[in-house]
Each structure stands twice: as C-alpha cells, then as structure tokens.
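Going down the list, the sequences are from chains C and X.
Residue 270 is where the first sequence starts when you use my numbering, and the numbers rise one by one after that.
Residue 8 is where the second sequence starts when you use my numbering, and the numbers rise one by one after that.
Please keep in mind that the hints were generated in silico from the structure rather than gathered at the bench.
Possibly wrong hints are sitting among the right ones.
Said to hold, decoys possible - Computed beta-carbon distance windows for the label pairs:
no.: 1; chain 1: C; residue 1: Asp311; chain 2: X; residue 2: Gln60; range: 55 to 61 Å
no.: 2; chain 1: C; residue 1: Ile298; chain 2: X; residue 2: Asn191; range: 15 to 21 Å
no.: 3; chain 1: C; residue 1: Lys299; chain 2: X; residue 2: Tyr210; range: 40 to 46 Å
Don't be surprised by glycine CBs; every beta carbon is placed ideally from N, CA and C.
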Amino acid sequence: MEHLHPWFIAAAFGVSAVLLVADAVLPRIKFQSILRGILLRDRRPSNPERPAP
Amino acid sequence: MNALLLWFHRTGSPPHFDRFTARWMPWCFGLAIALLLIGTWGGLFMVPADYKQGEVFRILYIHVPAAWSAMFIFVAMAVQAFIALVWRIKACETLAVASAPVGAMFAAITLITGSIWGRPTWGTWWEWDPRLTSMLVMFFLYLGVIALHNAIEDRRAAARAACFLALVGVVNVPIVHFSVHWWNSLHQGETIQILSAESRMHYSMLWPLLLTTLATKFWYLGSLLQRARVLNLENESAQPWARALAAGSR
Chain C
270 MEHLHPWFIA
280 AAFGVSAVLL
290 VADAVLPRIK
300 FQSILRGILL
310 RDRRPSNPER
320 PAP
Chain X
8 MNALLLWFHR
18 TGSPPHFDRF
28 TARWMPWCFG
38 LAIALLLIGT
48 WGGLFMVPAD
58 YKQGEVFRIL
68 YIHVPAAWSA
78 MFIFVAMAVQ
88 AFIALVWRIK
98 ACETLAVASA
108 PVGAMFAAIT
118 LITGSIWGRP
128 TWGTWWEWDP
138 RLTSMLVMFF
148 LYLGVIALHN
158 AIEDRRAAAR
168 AACFLALVGV
178 VNVPIVHFSV
188 HWWNSLHQGE
198 TIQILSAESR
208 MHYSMLWPLL
218 LTTLATKFWY
228 LGSLLQRARV
238 LNLENESAQP
248 WARALAAGSR
C-alpha cells in the first residue's frame with residue numbers, strides 16, 4: 270500500500286484545492302450576475318425609475 | 008468608545024459595508040493563499056515522514072486545519088446568530104448566514120481528506136466512529152442552515168430561522184471536540200495541545216500546520232466578507248447605491 274501514498278496525498282490536496290477555488294469563485298460569479306440583473310432591470314422600458322436618456 | 012460605536016454603526020450601513028468588504032476581502036484572501044502555499048510546501052516537501060504512518064501523514068496538514076476551522080466557524084456563526092436574534096442587528100444576520108457555506112466547505116474537506124487518510128491507515132474509507140459521525144452531523148447542520156435560509160421567501164424571516172438553527176446546532180461542537188475522550192474512538196486523540204503547550208508533535212513537523220491553520224482563518228474571513236457582500240447586494244438591489252455600483256461595473 271505504501272507505494273500508493275503519494276496518490277492518496279495528491280487526491281487529498283487536489284480535492285481540497287478544488288473546493289477552495291469553488292468557494293472563492295462561485296460567490297464572485299453570483300455577485301456579477303446580481304449586478305447584471307440590476308442593470309437589466311434599470312434598462313427595462315417599463316421601469317418607472319429608469320433614468321432619462 | 009464612542010468612536011468605536013460610530014465605526015460599527017457606519018460599517019453596518021449597507022453602502023459602507025459594501026466598500027468595507029471590497030477593501031479587505033483581497034487582503035484576507037491574499038494572506039490566506041500565501042500562508043497556504045508556504046504551509047503546504049513545508050508539509051509536503053520539508054518535514055520528515057512520520058516513523059509510523061509514513062508519507063500519508065502529510066494529509067494532516069490540510070485535514071486538521073480544515074477540521075479546526077469547521078468547528079471555529081460554527082462557534083463564530085452561533086455568536087453572530089445570537090447577536091442577530093437578541094439585538095436584531097441585520098449585519099450579524101448576514102454574517103451568520105454567510106458563514107454557513109464556508110463552514111460546510113471546511114467540513115467537507117475534513118470528511119473527504121479524513122476518508123482518504125483512513126483508507127491506507129485504518130484500512131477503511133469510513134467508520135461509524137463518534138468523531139467521524141459527529142463531524143458528519145456538523146456538515147449536515149451547515150447544509151440545514153443553508154437550506155433553511157433558501158427555503159423561506161421572506162428574507163428577514165429566513166435569516167432569523169437560519170440563525171435559530173445555528174444557535175441550536177452549536178451544541179454539536181463540544182461533542183465533536185470531546186468525542187475522542189467520551190467514547191472509545193478509532194480516531195486518535197489530541198496530538199497538539201495549544202493551551203498547555205505540551206505538544207506531542209515536534210516543532211520541525213508542527214510549523215507548517217500552524218501556517219495552514221492561520222491560512223484557513225484568513226480564508227474564512229475573506230470568504231465571509233465576499234459572501235456577506237453578495238447577500239448585502241441581493242437585499243439592497245433596489246437602492247440607489249446598488250444601482251450606482253451596477254452602473255459603474257459596466
């Protein structure tokens with residue numbers, strides 16, 4: 270089993286890195302999508318609060 | 008004291024909170040990544056192999072800091088939830104709800120890396136051992152807080168319900184911590200004694216663990232600020248400052 274130890278170590282650190290990257294990136298994507306949503310809502314012609322062109 | 012209260016009051020207002028998080032988040036993530044890289048490098052390449060476990064013991068340099076952080080974040084979330092429920096402070100509701108996904112991520116890392124370590128060391132991927140089971144319960148409690156917050160449409164009611172679950176669930180933290188003392192456990196007991204300073208781990212093997220532990224704390228701060236910023240913007244999307252931020256992001 271000892272010859273497989275480097276693979277176990279690589280798997281543990283690899284999975285951790287993937288989860289950490291997802292934790293950092295996913296909220297950033299959501300933030301950008303909320304900003305896009307606000308922009309689209311403000312551009313809608315039916316929006317009474319739409320700024321005058 | 009007045010200056011401190013004024014600072015809290017100002018930072019609690021949504022536009023200031025957004026600027027505060029945007030300013031400090033990159034520093035927290037930057038410090039966390041630097042410490043994580045140095046600690047991981049040290050743990051993988053600089054410390055000697057364990058005389059009993061061999062090379063596979065190096066998994067502890069990510070497993071142990073993740074486990075400590077999962078427990079630390081649950082306590083922090085419960086404190087934030089308590090303040091939010093008792094004093095009805097909206098920023099604390101946001102922080103408590105934002106803590107749950109970060110804690111769930113660290114609990115998942117703990118469970119997965121522990122399982123990968125268990126296969127060559129114990130000969131099994133999983134055992135219904137008190138420490139492992141209580142950590143799994145903690146992971147489900149984190150998922151419960153996230154699910155409860157997403158299940159209720161009224162955002163304030165959703166945050167309060169999630170805070171209540173966080174407060175009730177904190178009872179599991181001492182169970183996770185003391186499980187190796189209270190029951191016969193396959194999991195090893197404490198190797199590192201921070202308070203009594205009688206660590207059974209030699210300093211030559213300890214320093215990368217201290218760095219990765221510090222890194223996970225800074226990661227929590229960075230991720231907490233980032234997620235709180237998202238929730239803050241989501242709740243305030245109709246306000247002029249949020250629309251100005253969206254217009255400026257084009």
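Structure-based check of each hint:
1. C/Asp311 x X/Gln60: 55 to 61 Å: Holds - the Cβ-Cβ distance for C/Asp311 and X/Gln60, about 59 Å, lies within 55 to 61 Å.
2. C/Ile298 x X/Asn191: 15 to 21 Å: 46 Å, violated
3. C/Lys299 x X/Tyr210: 40 to 46 Å: 42 Å, holds
Against the hints set out earlier in the document, a violation occurs for number 2 only.
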